Amino acid sequence: MSELSKRTAKYYFVQGIKLFLVMLLGIVIFGAVWTNIYLGEVDITDKVLYRILSFGGVFMIMMNMMYSMYSPGWYDNMVLSMGARRKDIFFGDFIKQITFIICNMLLYSTMALAVHKSEHIKRILICGVFALLMGAVGIIVGHIIKKYGRTTFIVISVVCSATFGLIMCEVANGIHLFGLGENKENVISIAAVLLFVFMEYVIYRLNRKVMVV
Amino acid sequence: MSILAGKNIVKKYGKETVLKNVSVEIETGKIYGLIGRNGAGKTTLLSILTAQNPATEGEITLDGKPVWENEESLSHICYSREISPVTMFGPNTLKVKEYLATAKAFYRNWDEAYAKELIKLFNIDIKKRISKLSKGMLSAVTIIVALASKADITILDEPVAGLDVVAREQFYKLIIEEYSETGRTFIISTHIIEEAASLFERVIIIDNGEIKFQENTEEFLAKAYRVSGDTDAVDKATEGFKIYHPESLGRNKVVTVLADKPVENFGEDVQVEPVSLQNLFYAMCVNEGREAV
Amino acid sequence: MLDNLGEDKSIYLQIGEMIEDEILRGILNEEEQVPSTTELSKFYKINPATAAKGINILVDKEVLYKKRGIGMFVQTGAKSRIIEERKKNFYDTFVKKIITEAKLIGIDKQELKKMIDDSKEA
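Residue numbers (our numbering), protein chains in the order written: chain C, 5 to 217; chain W, 86 to 378; chain V, 15 to 136.
The following block holds chain C by itself, in its conformation from the complex (with noise of 0.2 angstroms):
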């Protein structure tokens, strides 16, 4: 891999890591308000654990989702201004992402066994997949609404993100989707991983042409 190539993917995975700390201390203050919450009571550590699990799935999938709506017009372009190619950012896009969604996974998935509730490790995989997926999609859509201003883009970073990370959300957790009926998670998630594949696809073609703004 050439010399580029090496220090974009690590100016990425930097950014990966610095969302992911992001994340760490919402977890930490929502841990916080939790552990007061259920004060006294006898098993709390399970239950403040589990509280973070159920949460940890929807936060991900929308922190990633937004986050990666301020990639095209903003840290992309940046970087670009710098130097870097498209293609070396298309990955980077990638890494970071991969980047902070591993970090999560590895975070619940502790949790999990610590509760000894590994049965949530699968639904944090499925989260993790839909993770990935919604943070294509995320940037796809930053492509799209780099040029209408401030307002559309918070209007649209937050509607989106909410709904699909609540509705892949549910999904993961096996519930009913418009009728399309219970465990058929595993079918849905490889749906997901094609439908990601496509999305790249899709950020590549739109990468390539892209210029400094």
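These are computed hints drawn from the structure, not numbers from a lab.
Take these hints with a grain of salt, some might be off.
Under the rule of at most 25 angstroms between Cα atoms (straight-line distance), these lysine-lysine pairs were calculated in the DSS-like manner [as the list claims (entries may be wrong)]:
no.: 1; chain 1: W; residue 1: Lys127; chain 2: C; residue 2: Lys213
no.: 2; chain 1: V; residue 1: Lys59; chain 2: W; residue 2: Lys115
no.: 3; chain 1: C; residue 1: Lys22; chain 2: W; residue 2: Lys213
no.: 4; chain 1: W; residue 1: Lys212; chain 2: C; residue 2: Lys14
no.: 5; chain 1: V; residue 1: Lys23; chain 2: W; residue 2: Lys346
no.: 6; chain 1: V; residue 1: Lys59; chain 2: W; residue 2: Lys258
All of these numbers come straight from a predicted model, not from anything done at the bench.
Fit chains W and V to the supplied structure of chain C, relying on the hints for placement.
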């Protein structure tokens, strides 16, 4: 010596053609001035030369190899643009130090010590957010990135916009110092022409998406004259030459002449004076005169 | 040192002239070191290549010479060489102008000669 060349560049935005068949050659080891009015296409041209904007047609090469998506070529180039305090998402909340850290990550030859020196010199608080910086500080950050990148070919787009006269003089000194020491190539696009004119070994004049001139500054100015005198005398003396911006006050007429080569004598009846780069450029822009016969 | 460059002549020629002026005035003596091109270019805010060109012309004229690794120095005999050259060009550079102006405002030869004779400066 390497050459950064743009051949037959055409750039269209929809139906609008912003660059019309532009060919330009930048030889390394020189300081270039890129001069043009607002909207002439300076930024677009620079953007395309550095592969930050795809050309609609044409090719850009460094040492014969294409620049587009080419790591080797890109690693020699730094295009430091004006940083906007406002992005489409609202105020630019990026901190200066984050911006500089990104520059450090991407510019292969980044000189951190030099950057720190310059930060101190320009008195920048790197913890501040870009949206909170004054125009002068924004320019300063642009300059810091350009200089500390230590890139072989460094491009500065309107670097002195927003700088007061003291800071501008400081900037020119820095360029001279850096150029003396390293022989780096600099391309400086500017509106403030006369101050920087003596810095430019070569000058590129762009107007309306076309390159009008790209020449050695001194040789270029040696062919430019301000001819004044009685209207008839001036007309006679300047016959056959390309003239710009003819002005008349009573029977006195003044024209700016740009010849193909230095002119020995315009005759006894007229007064001839040299023209500064700024005045020549102005005359060309305001041109109402006729082209050469 | 003057720090104003005029528009009337190529910059590198002006640099050469200024150094020559200093030699004539004794500000720069023979065998003394001349400011480097970097120093000159910083002082006058000009392109170092231009400063170098000005210096090189003086080297060609045998007014300056280069001591390798150290810098540029004033040659012995530079002063007289400059004087000789300037004397040759004196008529074209200055006298012609005086005559043109004198003609323009109607001062005749006699008056001009008298001005010079009466002048306290001469």
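Would the pair Lys59 of chain V and Lys258 of chain W pass a check requiring their Cα atoms to be no farther apart than 25 angstroms? Answer holds: Lys59 of chain V to Lys258 of chain W is near 7 angstroms, not above 25 angstroms.
Starting from Lys23 of chain V, check that the Cα of Lys346 of chain W is at most 25 angstroms away, please. 16 angstroms, holds
Between Lys59 of chain V and Lys115 of chain W, does the CA-CA distance stay at or below 25 angstroms? 15 angstroms, holds
If you draw a straight line from the CA of Lys22 of chain C to the CA of Lys213 of chain W, is it 25 angstroms or shorter? Answer holds: Lys22 of chain C to Lys213 of chain W is near 19 angstroms, not above 25 angstroms.
Run the distance test for Lys127 of chain W versus Lys213 of chain C: straight-line Cα separation, threshold 25 angstroms. This hinted pair holds, its Cα atoms lying about 20 angstroms apart.
Does Lys212 of chain W pair with Lys14 of chain C here, judged by a C-alpha cut-off of 25 angstroms? 23 angstroms, holds
The structure is consistent with each of the numbered hints, conforming to all of them.
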